[in-house]
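**Student:** Below are the chains, spelled out letter by letter.
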Amino acid sequence: MSNYETYLTLGVAIQLASFFLLMLFGPRLGKPWAGWVAVAAMASACGLATITLVGWMGEIENGTAAALTAAAAHNQFHWADIGKMPVNIGVKLDSLTVIMYFMVTFIATWIFVFSVGYMAGHSDEVAGKSKFHRFFCYLSLFAFSMLGLVISSNLLFLFIFWELVGLCSYLLIGFYFDKKFASDAAMKAFITNRVGDFGFIFGLMMVFFFLGTLDLDGAARVFADQFHSQAGIFGREYDINLLGWHVSSVSGTTLATMMGIGLFCGAMGKSAQFPLQVWLPDAMAGPTPVSALIHAATMVAAGVYLVARVFRLLTPEAQMFIAAVGCITLTAMALIAIVQTDIKKCLAYSTLSQLGYMVFAMGCGAWIAALFHLMTHAFFKAMMFLGSGQVIEGCHHEQDMRKMGGLMRKMPVTGFTFLIGVLAISGFGIPKTDIGLGGFFSKDEILAVAWDRAYMWDEPIEDHGGHHADIASASAFQLVSFSPDQEHGDHGGGHDEGRDTHTESAGEHGDAHAAHGPVIEQPHGKAAIMAGVSALPRWMFWCALITAYVTPFYMMRCWWLTFMGKPRDQHVHDHAHESPMMWFPLVVLAVFTFVCSYAIFRPLIADAAVVASDAVMVVGLDGVAVPSNDPVARSEAAGAFIHLHEAHDFLAYAVGGSWLISFIVAFLIYRNGLEVGAKLKSAFGPIATLLERKYYFDEIYGFFLVMGCRAVAQVCRAFDTYFVDMLANLSAKITERFAAFSGRAVDAYVVDGVFNGIAATSMDVSDVFRSPQTGRIRNYVLFATGGAAIVILVLLFIDGSSGPGVVLGASGGG
Amino acid sequence: MKTLMRYDKTILAGLLLAAMACCSASAVAQDYPDPKERPERVVEGEAVPQDAYRSEVTPVVESVLFYIFGGALLLSAVGLCICRDVVRMATCLFFTLGSAAVLYLLLGAFFLGAIQLIVYAGGTLILLVFGVMLTNKSPWVRFDCKPAEMIAAAGVAIVLFFGLATMLTTTEWAQSTGEARSTTVAQFGKALLTTYLVPFEVASVMLLVVMIAAAYMARQE
Amino acid sequence: MTQMSVPWRPRGKVRYTGLSGLIAGFARAIYGMAAPVVRAFPGSILLGAIFTVILVGWAHFLLFEFADNHLIGADSNISAVRGFLGAELTLAEIENGLAVAGAPAPGVLQYAFYPIQFRIVRDLLSAGGILGFISVIPLYTIWWERKVAGRIQSRTGPMRVGGWHGWSQSMADGIKLINKEDFVPDHADGVLFRLAPYVAFVPAILAFFALPFGTYWVFRELDVALVFILAMLGIEVLGVILAGWASNNKWSVYGAMREACQMVSYEIPMGMALLIPVMAVGTLSMTEIGNVQGDGWTSWIVFRNPFTFAAAVVYYVAALASCKRAPFDLPESESELVSGFHTEYSGFRWSLFFFGEYAAMFVVSGLCVILFLGAWHSPLPMSLADRFLGDDLLSRAAKGLFFSGPLWFVLKCVWLLYVQIWIRWTLPRIRIDQVLYACIQYMLPLMMVILLGHTLYELLVPVHGIVWTFFNIALSVIGGAVMLFLVSIACYGYLNRVKLVGWLGVETLPGS
Amino acid sequence: MFIVGLTHYLILAAVLFCCGVFVMMTKRNAIGILMGVELVLNSVNVNFVAFDRYRPGGGFDGQIAALFVIVLAAAEAAVAVAICMNVYKNLNTIDVDRGDALHG
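Residue numbers (the working numbering), protein chains in the order written: chain V, 1 to 814; chain Z, 1001 to 1221; chain R, 2001 to 2512; chain B, 3001 to 3104.
For reference, chain V alone in the conformation it holds in the complex (with noise of 0.2 angstroms):
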């Protein structure tokens, strides 16, 4: 084991061992105590991160991380076995979990040191008993399984984990759980995570029986052997033929892609795609800091991050639904986002587009762009979520923008911050320079991948859906016949060249490669791949960018709304204020928005992108934006798409200057408070209500489901009632008749009879026998003394002709 996966380890365990400290003592350690364990426990496993973090790059340097990575994939805790197959406990080292979990310990640590501040100012009981430790004690169990999450090796333990970061998302989001509405929500929030979680298990199942590992290392390679000899989970007797329409557009992929779709139903759940949003808004019941860490920076980014973990089982299908959902997430949450006057819910919907972003770019197969928008995004988005519960704490628990304005001098320092979180998230940056704010990096390459798929792909199918089972079966032939040993060459040499680029010594690394070839065992064609995905519909390009535009400005209204302006309520107005330890974790955060922003995330996880995202059907296609230290030759090497980057000029001004025009917009409307937009609403009408009751989601989920589960569970009651009952009572009735029939005739005569026969007589003999036992000592003694003096009389004179005589011990000498 190397150190990173110590160090690794060990600031999982501590959160557990916080945890259960927490749970055993908590009470004990009384209010602020136990939250500074939790913070200790925390900032630990945050100093192991940034330890492992440096260390890292200095590895990635040295260019002896392949070689790491490779040796944690072997060095692993054989844990069971299921049927034939081992299950293996291991830390999954490479760059993406290593700022993944420098990124959860980062932000989980100054939001702990805020939840302190946070929590001192609430009411912390419910019936007498104290709730300010189970906090600490929630939040420290959640970091655990965050962070095993983050470095499990195994799909078996990601899901375990993946479900206990629910169940501490449930427990935490119920926190208040007297209050109807909360324990309402965090039960909405459980059981549409169930709904995605039934895709996922789906998904596992199909890993495990048809790659025969749940391994992600192993299951990628098993997928890639599978997918060149056209068997196991690509036999074409799985092809699903239904009246001519084909699941998969290539033949032999049907259930490949029902895999990739199944798996990607957890991350629907978890990231709050649609349709499951729902429980999303209504998480924000939770207590701020939970919002800020859980249902914004960390949890529903598993969802992305778990596709971009499985990105190598994923097929072009699969891809493709992922880039729809997320579209379609993006650009509906953004809409809602406009017209919400709940500063939480505001950053919520806000969040959920997004998630939307991030996973539309994984559909597309900006994977790199994608995680990049993930790590930039829980920097800014906890900060703003921070910012909102200062906010909220500082106003007296008022949470309805229309009542705030003007807080700005009263609370300088989370205006401020907030104010950058708002720059970040709207991309604020100036187009055609590398000065820009973290969104602004990572959308415009989003959509500059979206428009490539969109515009330049090489043979564009306009007609998405799979309609063509000609030109689908083209592709899988070009697939099919592609020939690995030919296209070793290029695309390995297409590599080496590319890591020129940023590795210092390409021999060592390709030796270190070849080494342990496992990671990649059949290298593949990207050119091959590329004919097979199809491109993008043109929609969902024009989605995403629109959003570009919707986001920078509801997120302006909300700052305005909030922080300029004139005071709308007085009493809020002067019941507002900040205090240092809610404020201070909000400037750090703001400080590594920036930071962020440029160094550290950006070439680790282009690092990352090498391996975690060569798959053998999709490609990840980015990697271009950032002008150092990624593998530009990437995208070269596969040979169609050098020219992918042509329109990229009218796109970095289109994305680049949305904030911009977004923002005069927000300023002009919003510029002397409510009117204007009371206005526009009523203005659009219809339009703003569908906007404001969430496309009527709640209450056709409300109809058709929970009304559909009470009709059936009526169905079932009055079977239960009418039949069941009736054949219990009937048999019953049936024993019943018997059992006293037996009872008189058998029991009473023949049985008992039997055994008090057996039991007279048994006690007629032992009266007989036990009449010397009188049970008491001192008989017994003289039974036993009188025995040993008639022995000893004996003795002397039946056999005294020998007795007398013997010298007893003569020999005694020694």
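Hints listed in this document are in silico derivations from the structure and should not be mistaken for laboratory results.
Please note that the accuracy of each hint is not assured.
Claimed, not checked - Only pairs whose alpha carbons sit at most 30 angstroms apart, straight line, appear in this in silico DSS-like list of lysine-lysine:
{"id": "1", "chain 1": "V", "residue 1": "Lys694", "chain 2": "V", "residue 2": "Lys179"}
{"id": "2", "chain 1": "B", "residue 1": "Lys3089", "chain 2": "R", "residue 2": "Lys2250"}
{"id": "3", "chain 1": "B", "residue 1": "Lys3089", "chain 2": "Z", "residue 2": "Lys1190"}
Mind docking chains Z, R and B on chain V? Use the hints.
**Tutor:** Same frame as chain V, now just chains Z, R and B:
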């Protein structure tokens, strides 16, 4: 003289006890002939020269003491048989055990005699008295068995004694002609930690078990 | 003032009859002889009595030694085999030996020396000496205790009987007690009731037979002396229990039960504390344990290492409890149990209990002195004596006075007795559950730790190494300083007694 | 006959043994029975020590055996007294005849 008469029994008993005390002390006769000739303290269980510790108890003195304390022992043992009251029985037992301790001293087992006194007389007896004290509220403090049982028991005991006595007197025992060997504590300790180590350890473990068991059984619910 | 107005000398003559008249006459004669001496040397009655006893013992010793060396012959070993009836020296031989030795008064002394050759005679003589000592010790300790109690309570204590500070008060009490009615309560167990005082008293005497007062000052040199004395102290309790049970009185039974509990509990830490010096020296023989402490006060076992120091303290507390002295005097607490186990006793039997108790107090103090506090050695090292003193009579006397001898032993014992009295009249009595918890919950675990610590210390710390020497010297210095401090406080208190306790009118009382 | 030898001790021990057995046979008091057991054990001890004293040759095995007997007897007494106390707690008496709950 009236006062003297009143106290005669008391004073006589006191004198008798004092005399017993003196005699028992002289039975412990063990002296160094001269302090300058005192042997070095026994280290590492070296064999002690037999003449370094000489008993001053001549056979005649030993016999006299044996008859005195043997008689006391028998008397108190018979008293134990006869007494009905438990505390009187305990007193008799005490004198029996004390006399037995003096007999050990006579036989040269000084350490054993002292141990007998401290363990039996000091410990066992106090335990017994404890038991008596804790149970003397009972209305059945004096309960006798049936006369028939008594007679049968006496008969069996007498027959057993005569059988044993006959056997013991008719057996020729191999005897040493030497004097009583006094055993020093150092020899005892050495033997316990070498030859008899296993029984010693077993006994210690058993004592622990007994301690726990007794505490457990006598605990308050 | 009422006390002042009562004349201290009875007006008329009290008539004593029978044995009491005899005893009274005897006492009067003693008083008549002692009074002038006492008036001439006030302030040392107790020491005088002790000196007397020691002189008797010394005389015995000289006598035996003379007989051994000059009559029987040092080289003949004949004393060792001298038996009960096996007389080997005739009167003529003795006379001859005396003449050779140059003894005075020829023709008379052989009759005195003839019995001495028999061991039994010597033993009886020695036993008589010890019995005398045991009688003297309680008498004067009781008187002394009453004086100390008086001083502590700003009273005067006994002042009348005997003259100087009521010094013969105890003897008068004894005479009174002997004259009291011999009384056995109804429904009491008469036999056990009569037997109990002896069972309580005799073991105390037996304990003295193994307690060495000096290197050769011991009735019987026992290899297992320590175990023997412990056993005797344990048997003493039996008398108390019998007394309590036989009295047919529930308070007495309570007292007896308390005594049994207390003794059984405190025997354990006491025995463990006594193991510490045994382990340090490696023998159960008290004489040998005493002899290794002759090299000045730094060689006393109490200052050997921190664990022995702690063990000495624990031992002393446990010893207080085992001879039922305050604050552990639950068995005889007057306020709750109406004097506990001796409620029904009076007269001579009652006094026997107290003889036993005060003798036991002396024995436990003696054990503490021998095992911890340097036995019969003075704080000066014996090597000093060997360097400066010869072997003549005067030098030996000086040795006995300044370096090593029974006097020092008795002095130390008396000091410890004084501490016992001091504690009794200073501390309140504690409850029985507190007594038992103090033993089981604190002293027993503490003693276990000390035992283990001492064992490890003896095993691991090199003798006379740096650590050893440091602790030895530090403890010695601290202990010596404490002792000096206490002595100086006592001197200061005595010299300024009027200022400190107020005017008691002591000087105006008769007998002062 | 006046001068004591091994036989004297053995006879003495035999008497002690018979007394102990007699006590065990006639007492209904549990503590009394325990005392009888102690007597028997002591007679054994006297035998051990006497044999040890009069045995030809060195060693002191008899004394060691007696020592162990003493230790075991003390342990046995402790447990027995605890049992007696329990019996008393349950039956309010230590009459062994009344402890007949298991007697049919």
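**Student:** Now, for every hint given, state plainly whether the structure supports it.
**Tutor:** Now the hints, each set against the structure:
1. V:Lys694 / V:Lys179: holds (23 angstroms)
2. B:Lys3089 / R:Lys2250: holds (21 angstroms)
3. B:Lys3089 / Z:Lys1190: violated (45 angstroms)
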